[in-house]
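Read top to bottom, the protein sequences are chains A and B.
Taken in order, the first sequence gives residues 1 to 114; the numbers are from the numbering used here.
Taken in order, the second sequence gives residues 1001 to 1116; the numbers are from the numbering used here.
Since the hints were derived computationally from the structure, they do not count as laboratory data.
Treat the hints loosely; a few may be bogus.
[As the list claims (entries may be wrong)] Cβ-Cβ distance ranges computed for the label pairs, FRET-style:
| # | chain 1 | residue 1 | chain 2 | residue 2 | range |
| --- | --- | --- | --- | --- | --- |
| 1 | B | F1069 | A | I60 | 44 to 54 Å |
| 2 | A | S70 | B | R1112 | 36 to 46 Å |
| 3 | B | P1061 | A | S80 | 45 to 55 Å |
| 4 | A | S80 | B | L1083 | 17 to 27 Å |
| 5 | A | N61 | B | G1016 | 22 to 32 Å |
[What the hints assert, rightly or not] Here are some chain A residues pointing at chain B (derived, C-beta under 10 Å):
| # | residue |
| --- | --- |
| 6 | Q38 |
| 7 | L46 |
| 8 | T51 |
| 9 | A54 |
| 10 | T55 |
| 11 | G62 |
| 12 | F63 |
| 13 | T77 |
| 14 | P79 |
| 15 | A98 |
| 16 | T103 |
| 17 | G106 |
[Stated by the list, open to error] Pulled from the structure, derived: some chain A residues nowhere near chain B, Cβ distances all over 10 Å:
| # | residue |
| --- | --- |
| 18 | S12 |
| 19 | E66 |
| 20 | A92 |
| 21 | D96 |
| 22 | G99 |
| 23 | M101 |
| 24 | L102 |
| 25 | F104 |
Just so it is clear, the structure is predicted and the values come from calculations on it, not from any experiment.
Here a beta-carbon is modelled for each residue, glycine too, at the ideal position from N, C-alpha and C.
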Amino acid sequence: AQSVTQLGSHVSVSEGALVLLRCNYSSSVPPYLFWYVQYPNQGLQLLLKYTSAATLVKGINGFEAEFKKSETSFHLTKPSAHMSDAAEYFCAVGSDNAGNMLTFGGGTRLMVKP
Amino acid sequence: KAGVTQTPRYLIKTRGQQVTLSCSPISGHRSVSWYQQTPGQGLQFLFEYFSETQRNKGNFPGRFSGRQFSNSRSEMNVSTLELGDSALYLCASSLGQTGGSIYGYTFGSGTRLTVV
């Protein structure tokens, strides 16, 4: 069974500050990990994914995430927040024995203050 | 290439009615998954279809059903609508039998269903 926990349903940062969104996963087999972003009334857009090639993964819009197996974490970071980063972010886990299913975390709403 | 297309984008229905939502996946993608998104419950998996067969089903009542056609387009149907069915319904397509869990999904923009 797989599960994802996103710590903090709401995160607020100032424009230009570091963004850190936390994700911890549980999986009995090697996981594939994803971060998605959702803007209001839109679908989810893939930001980045970890598929075992490299532990530090770079995505779109300046975001990156680091896979830490010992901590079962896949936190999302961005050095400098922009107003346009305000959205909801979802972490998800998949695996080779999960069929075609992704398990999503509860989401973190990022607010960026001017 | 064209993305995942969901129609309609917005829908208002009355309690007790039924509704059909449509999803056209990315060309070449044979797997279509459906999710319900609400503020209280987050993203909840409804079902997944691959090559016209339902492979996985989430924990939803039988009022929720779906199907997939030979061209991979999918529909989901909700009968006897309840107020609690108001949600954003998201369709996601992926390549192959396990592409979603390995490479991720491509989502449509969703259908916003409001039940009054």
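Against the structure, the hints:
1. For F1069/B and I60/A, the hinted distance range of 44 to 54 Å is not satisfied, since their beta carbons lie about 32 Å from each other.
2. A C-beta distance of roughly 41 Å is found between S70/A and R1112/B, which places it inside the suggested range of 36 to 46 Å.
3. One distance hint, 45 to 55 Å for the beta-carbon pair P1061/B and S80/A, holds here, with the actual separation near 46 Å.
4. Checked against the given bound of 17 to 27 Å, the beta carbons of S80/A and L1083/B, roughly 43 Å apart, lie outside it.
5. For N61/A paired with G1016/B, a C-beta distance near 44 Å fails the hint of 22 to 32 Å.
6. Evaluation of the Q38/A hint against chain B yields a held restraint, the C-beta minimum of about 9 Å falling below 10 Å.
7. At its closest, the beta carbon of L46/A sits 5 Å from a beta carbon of chain B; the interface hint therefore holds under the 10 Å criterion.
8. The criterion of a C-beta within 10 Å of any C-beta in chain B is met by T51/A, whose closest approach is roughly 6 Å, and the hint holds.
9. Evaluation of the A54/A hint against chain B yields a violated restraint, the C-beta minimum of about 15 Å exceeding 10 Å.
10. Restraint check, T55/A versus chain B: the minimum CB separation of about 17 Å is more than 10 Å; hint violated.
11. The restraint placing G62/A at the interface with chain B is violated, with a minimum CB-CB distance near 19 Å, outside the 10 Å limit.
12. Taking 10 Å as the C-beta cut-off, the interface hint given for F63/A is violated, the closest approach to chain B being about 15 Å.
13. For T77/A, the suggested interface contact is broken, since its CB lies about 19 Å from the closest CB of chain B, more than 10 Å.
14. Below 10 Å, beta-carbon pairs count as interface contacts, and P79/A has none with chain B, the closest being about 24 Å; its hint is therefore violated.
15. A distance limit of 10 Å between C-beta atoms decides the matter here; for A98/A the minimum to chain B is near 5 Å, and the interface restraint holds.
16. Restraint check, T103/A versus chain B: the minimum CB separation of about 8 Å is within 10 Å; hint holds.
17. A least Cβ separation of about 5 Å between G106/A and chain B falls short of the 10 Å threshold, and the interface hint therefore holds.
18. The Cβ of S12/A sits about 18 Å from the closest Cβ of chain B, beyond the 10 Å cut-off, so the non-interface label holds.
19. Once the 10 Å rule is applied to beta carbons, E66/A is consistent with being away from chain B; the minimum gap is 18 Å.
20. With a closest Cβ-Cβ approach of about 8 Å to chain B, A92/A is found to fall inside the 10 Å limit, against its non-interface label.
21. Separation of D96/A from chain B is inadequate, the least Cβ-Cβ distance of about 7 Å not exceeding the 10 Å criterion.
22. Distance check for G99/A against chain B: the nearest CB is about 6 Å away, which does not clear 10 Å, and the non-interface claim fails.
23. The claim that M101/A lies off the interface is violated: its Cβ sits roughly 6 Å from the closest Cβ of chain B, which falls inside the 10 Å cut-off.
24. Listed as a non-interface residue, L102/A fails to keep its Cβ farther than 10 Å from every Cβ of chain B; the least gap is roughly 6 Å.
25. Non-interface call for F104/A relative to chain B: violated, since the shortest CB-CB distance, roughly 4 Å, does not exceed 10 Å.
Hints 1, 4, 5, 9, 10, 11, 12, 13, 14, 20, 21, 22, 23, 24, 25, counting from the list given before, are not met by this structure.
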